[in-house]
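Participant: Here is how the chains run, residue by residue.
Number of protein chains: 2
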Amino acid sequence: MPVYRSPLRDQQFVIHELLDATAHYRDIPAYAEVDADTINQVLEESGRFCAEVLFPLNAVGDAEGCHYDKANHEVRTPTGFKAAWGQYREAGWNGLGADTAYGGQGLPALMQTAVGEMQNSANQAWAMYPGLSTGAYECLHEHGTPEQKALYLPKLVSGEWTGTMCLTEPHCGTDLGLIKTRAVPRDDGSYAITGTKIFISAGEHDLADNIIHLVLAKLPDAPEGSRGISLFIVPKFVPQADGSVGARNGIFCGGIEHKMGIHGNSTCQMIMEDAVGYLVSEPNKGLNAMFVMMNGARLGVGMQGLGLTEVAYQNAVAYAKDRVQGRALKGAAEPDKPADSILVHPDVRRMLLTARAYAEGGRALGYWTGLQLDVARSHPDEAKRREALAQVGLLTPIVKAFLTDNGFRAAVEGQQVFGGHGFIHETGVEQYVRDARINMIYEGTNGIQALDLLGRKVLRDNGAALRAFGAQIQAFVEAEGTSEAMNEFVTPLADLGDKFTKMTMELGMKAMGNADEVGAAATDYLRVAGHLVFAYLWARMARLALDKQDDPFYAAKLATARFYFARLLPEATAHMRALRAGAKSIDGMDLAWF
Amino acid sequence: MPVYRSPLRDQQFVIHELLDATAHYRDIPAYAEVDADTINQVLEESGRFCAEVLFPLNAVGDAEGCHYDKANHEVRTPTGFKAAWGQYREAGWNGLGADTAYGGQGLPALMQTAVGEMQNSANQAWAMYPGLSTGAYECLHEHGTPEQKALYLPKLVSGEWTGTMCLTEPHCGTDLGLIKTRAVPRDDGSYAITGTKIFISAGEHDLADNIIHLVLAKLPDAPEGSRGISLFIVPKFVPQADGSVGARNGIFCGGIEHKMGIHGNSTCQMIMEDAVGYLVSEPNKGLNAMFVMMNGARLGVGMQGLGLTEVAYQNAVAYAKDRVQGRALKGAAEPDKPADSILVHPDVRRMLLTARAYAEGGRALGYWTGLQLDVARSHPDEAKRREALAQVGLLTPIVKAFLTDNGFRAAVEGQQVFGGHGFIHETGVEQYVRDARINMIYEGTNGIQALDLLGRKVLRDNGAALRAFGAQIQAFVEAEGTSEAMNEFVTPLADLGDKFTKMTMELGMKAMGNADEVGAAATDYLRVAGHLVFAYLWARMARLALDKQDDPFYAAKLATARFYFARLLPEATAHMRALRAGAKSIDGMDLAWF
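From first to last, the protein sequence lines are chains A and B. Its first residue numbered 130, the first sequence is counted upward by one per residue in this note's numbering. Its first residue numbered 130, the second sequence is counted upward by one per residue in this note's numbering.
If you are wondering where the hints come from, they were derived from the structure by calculation, not from laboratory data. Where a beta carbon is used, it is the ideal one built from N, C-alpha and C, also for glycine. Worth double-checking, as some hints may not be accurate.
According to the in silico footprint, chain B covers these stretches of chain A (three or more CB under 8 Å from chain B) [as the list claims (entries may be wrong)]:
1. 289–301
2. 384–394
3. 439–452
4. 503–515
5. 547–557
6. 565–577
7. 697–711
List of simulated lysine-lysine pairs, DSS-like, C-alpha gap at most 27 Å [stated by the list, open to error]:
8. A:Lys459 with B:Lys713
9. B:Lys459 with A:Lys713
10. B:Lys639 with A:Lys459
11. A:Lys414 with B:Lys459
12. A:Lys459 with B:Lys414
13. A:Lys677 with B:Lys713
The shape of chain A in the complex, shown without the other chains (with noise of 0.2 Å):
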């Protein structure tokens, strides 16, 4: 049976010792009631939540899947899903990030990443509900007319009714200006909305009395491509001026996807026949109002790619201690047993190690950046804002791309593990590598994030961001230089630090001439990219162990530096090695003869 805790005792690490989050919090007035006790009683709550009520459901949820009612194009999603919402709601849990002016509790979104983490660790599928909703949610409540905001805004975070975003379609995902989805106006101010989306999470289910679709369509006198975007309100139920839910509108679920993994989310595919919708922000702006939530969103889907590097490294161990077959190679290690458990064998606990490093450099990574994302929107000093958004900028690709990769490694090595009763559904394992997979794809996949952040994050605004970053690196290497118990770590992250920024260097050297330099490089670079953060997070956390060595939480944290340093880091030397064979390595087979 599978098995899952919150980890607890490392999110209060991460949050406390490592950022020293509350006194972040005390410069912002928002969050300045945000203190210690606070913070443990939600992670403490979220955890148990997340463990009692929606762990059990997930074995549940991939094995039922949705059912599509064709009949009255309705969903019905798996045993226990409707319930657990309802719990959900009911403790308050939906409304964790969202603006207390719309009833919620306005916490950090530092918080929300955390118990982001657990929800995904505990049921993935499930949590994309409550996590599509969040997305239209912080879009209405960025661009919404203030009539907008008071109509959707309460139902949306009290969880009555949930939202989706309605982006992709047949035949175009990550190029949004094809989309033929149509908004024509109509008299009262409206918009008639006829086109087909598909890969709509959530789109339809029976969790609540309404949904609220975000839809890009485009107008009839729409420029070309993605400059002609507009974004709509479609909801599935007009609502009355009060609130309660009005008439059936033209939007209805054309059917579900069958998937290789999220079985307990609905994949929909959304027709919309002359659907009345409502125009969000200005004509031909959607777009640029669905990016303002990008940031957010796919910091949530690193967020899915790191629960599961946490869930599969748990079971991964639980097995490995539990399974006795085989000695030790150095001779057996329990002698009066038939066999040794199989963590006694090195290449076992290399599994585990790799996960666990994955796991506990993705939450440092992960939490810093909510952290950030809380400066960025929240800090009354507009530079400090200005200085944040731009790091968010920066890490989000990296949060999105290298922990979903991650994600998807730690449970293929969680699964090894387990050998052959690793690839059976019982043990329950196997659902996280499938579930896995879609973090690399979804939300822009890693290939498109590999290329915002060499193209826009980095070489178009010159370095700035990754400057400032870079400083930040330094300024600890100079602070630590001296220290010999931390030369195992200050050395490789210098060297890391000054031959990525020269590699950097060249790489916009060799842009300015082809283009197609960038895209020869981005998926390496960002890999490489991953590993400088990791390099400087992991070294940052063995400083605050190596004084504390006497408990054991400690000792596990330095050695599990050390692992990451010895065996995952060097990842970073291939990387580069491979990236600057440049685009001729590529353009060499023509495309014919593919």
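Chain B: place on chain A using the hints.
Facilitator: Leaving out everything else, chain B in the frame of chain A:
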């Protein structure tokens, strides 16, 4: 809809140009008649059979899976599987490599290897039925008494009956010394077998009239551990002396597993209650008897990895050409159309070339090993047989682990090319990821392969087999060392060869002090070994291609070789670095801290 065409041109390149197989066969009387025409005809006809008969059943098998009829302990295979089995038998494919004395065609292992690749590209789950049967045939052919051979082999060769290998039990797979299945001698010379086996591929099905299980069990007086294991024939129906099917034996399928992939193959729990069994080989020598056929079986799993690499590549290419979205970074490739095909993006081509380089390199390695297996088994000169057997022994764990790891990576990269469409069943590519996953686990996990390579094949014989392999690389490097055109391949090959030798010696020294050094290094070591073999074979293929650049086949071959050296080979550097950290990078983490 998924696509597959057998890679005939590349198969011919490897067999005739790279390996010059028929020149080897001229020295082997058993295969003296195997000329290029024969080989080409087998490749073409098998390719047609795989593409036309097996491939259309692949998605069917995945969707339907096998059905277990509890009342009768019977398993029904997916629609079409039985009919395809009939066509397969009638066309004589089942006896391709089998002894002509028992009705086989007596073709070389190399041909079985090539045919195996295609069968696995087309339908791995189906291909496992004949695959397991071949394993049982080989084991009995090597170890059976003349009477056993006369009774069982003709039926196994014709495909009237099939076979299985029953090793794993619920509590042990890797460590077979722990098995609990018992064999008690009976007065008539047979044995009463009682016990439970799990994960028995093709253990029960509706394809054949009888199933011949080869079962590992312990005699009452057996020594402890792996020295006390014996091998038994346990037929589903006990054959009469005349070869007709007799009484139902006490071996029953107790259930089938619900698995991540290979749904079309029935993975059975087999329960034996005083089942009639017949001893094969000598008492307590069962594991040896099994091990003799391991080279062939593990080469077969490597071909599963290769088969999925190839088909994942082909489907990703088809999609990338067809999918029109976005624009080339360096300007529109097809300005008349609303967007370019995604093949223009360097990152997409990076993914495709990764799969392609793994496929073509894997084909070279797998077929080369198959050819050496023919020499090892059938060459008239004993010294040549011994030498080839040592090379096969060295290459086998690399073929099994490196090609199946690569197969999984290729399937994942291929799926990534599809974006969201790759995550849904309909496009067929997510099945390749799920199917590919088992190849890294069964027939000895890839971690076990790594221990076999480093511990047994390299260190135990003080590197003799490795030196013989290194001498081939050295000869090639010396022959091509002065060629300017070959410099880009020869220099990194020679460099990696030197580093590999040095690293192996270091490891040998360290392992004498601490056996855990082997376990801590093994997986990284195998990945480096795989790249060394690939670099050697890719350099040789580049040599063949260099002078024929007017022909697109050779131009593509050279471009792929360059991609391999520039973008994939650098991975070896990272593994060498990780490996050098040694056991202390893992031992730092106390077992109690996990």
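Participant: Give a verdict on every hint.
Facilitator: Here's how the hints hold up against the structure:
no.: 1; hint: 289–301; result: holds (count 3)
no.: 2; hint: 384–394; result: holds (count 5)
no.: 3; hint: 439–452; result: holds (count 3)
no.: 4; hint: 503–515; result: violated (count 0)
no.: 5; hint: 547–557; result: holds (count 7)
no.: 6; hint: 565–577; result: holds (count 8)
no.: 7; hint: 697–711; result: holds (count 10)
no.: 8; hint: A:Lys459 with B:Lys713; result: holds, 14 Å
no.: 9; hint: B:Lys459 with A:Lys713; result: holds, 14 Å
no.: 10; hint: B:Lys639 with A:Lys459; result: holds, 13 Å
no.: 11; hint: A:Lys414 with B:Lys459; result: holds, 26 Å
no.: 12; hint: A:Lys459 with B:Lys414; result: holds, 26 Å
no.: 13; hint: A:Lys677 with B:Lys713; result: holds, 20 Å
Taken one by one, the earlier hints fail for this structure only at number 4.
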